[in-house]
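Visitor: Mapping to numbering that gives the first Met the number 0: the sequence shown position 67 is 66, numbers consecutive.
Hints listed in this document are in silico derivations from the structure and should not be mistaken for laboratory results. The C-beta atom is built at its ideal place from N, Cα and C for all residues, glycine as well. Where hints are given, some of them may not hold.
[What the hints assert, rightly or not] Ranges of calculated distance between the beta carbons of each label pair, as one might list FRET restraints:
no., residue 1, residue 2, range
1, Ala-68, Thr-172, 15 to 25 angstroms
2, Lys-185, Asp-94, 33 to 43 angstroms
3, Val-53, Asp-161, 42 to 52 angstroms
4, Thr-58, Asn-141, 35 to 45 angstroms
5, Gly-100, Asp-56, 28 to 38 angstroms
6, Gly-34, Ser-69, 36 to 46 angstroms
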Amino acid sequence: MRRTLIALSIAAAAATSASATTIWTSAGPGSDVAGACTVDFDGSTCAGVNYVPVAPDVTLTNNIVTGSASGVTAQPPGSTGYYLNVGPTLGSPVDITIDAGANYNYFGLLAGSLDAYNTIEFRLTDSSVLSLTGTELAAAANQSATGNQQQGIYWNIFLGADAFFNRIRLSSTQNAFESDNHAFAKVPVPATLGLLGLGLLGLGAIGRRRG
């Protein structure tokens with residue numbers, strides 16, 4: 000399985016130490032992190048994980064779709080059944096809220112090639128916020144944010160052993176941000192990083208801001 004690993008050094012605002020967020024891609028269609036729980040939008044759920052549309056008068060059923068519709072949504076390669084669509088037509092953003100005590104520090108998702116206007120924003124339990132655009136995620140995997148839906152890519156985001164999130168906000172200013180097989184885990188360091196850590200390349204600093 001082909002993997003690309005890039006370490007993003009994240010300096011936490013008003014904190015005494017820095018933690019590292021690491022992003023890697025795999026062929027999918029699911030997570031390669033041992034013990035990760037997966038939400039597949041076909042019935043599989045994870046403890047403490049809730050999906051909440053933020054747009055007024057939108058219910059989550061708007062965002063959970065199957066198949067493709069020109070100009071609105073394209074099913075990610077490798078996805079079967081239902082998946083999550085986030086965009087102006089069907090509703091953006093969608094929040095994934097995490098119950099207290101879940102202590103997840105890893106998030107993975109199946110998506111096609113991301114677009115520059117897609118964003119994944121993490122709110123951490125220390126009230127800091129880490130926001131990653133499709134451009135930044137694609138650069139971390141040595142790709143371009145072209146929105147090529149012929150590419151089935153599994154994106155893995157590990158915030159650090161002690162960096163837990165209580166909300167993930169998926170948003171897109173244009174149609175669309177499609178994803179499936181969302182994975183959540185609490186891990187000290189994923190085995191993938193232990194095996195391939197010598198190949199990590201620094202991308203520089205991305206600052207967290209206080210939410």
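Visitor: Quick check: does the Cβ-Cβ distance between Thr-58 and Asn-141 fall within 35 to 45 angstroms?
Guide: 38 angstroms, holds
Visitor: With 33 to 43 angstroms as the target window, see if Lys-185 and Asp-94 comply at their CB atoms.
Guide: 20 angstroms, violated
Visitor: Between Ala-68 and Thr-172, is the Cβ distance one that fits in 15 to 25 angstroms?
Guide: 19 angstroms, holds
Visitor: When you take the CB atoms of Val-53 and Asp-161, is the distance between them in 42 to 52 angstroms?
Guide: Once the Cβ atoms are compared, 28 angstroms apart, the range 42 to 52 angstroms for Asp-161 and Val-53 is violated.
Visitor: Could you see if the CB distance from Gly-100 to Asp-56 stays within 28 to 38 angstroms?
Guide: Distance hint for Gly-100, Asp-56 holds at roughly 32 angstroms.
Visitor: That 36 to 46 angstroms hint for Gly-34 and Ser-69 (C-beta), does it hold up?
Guide: 39 angstroms, holds
Consistency with the previously given hints fails for numbers 2, 3, ordered from lowest to highest.
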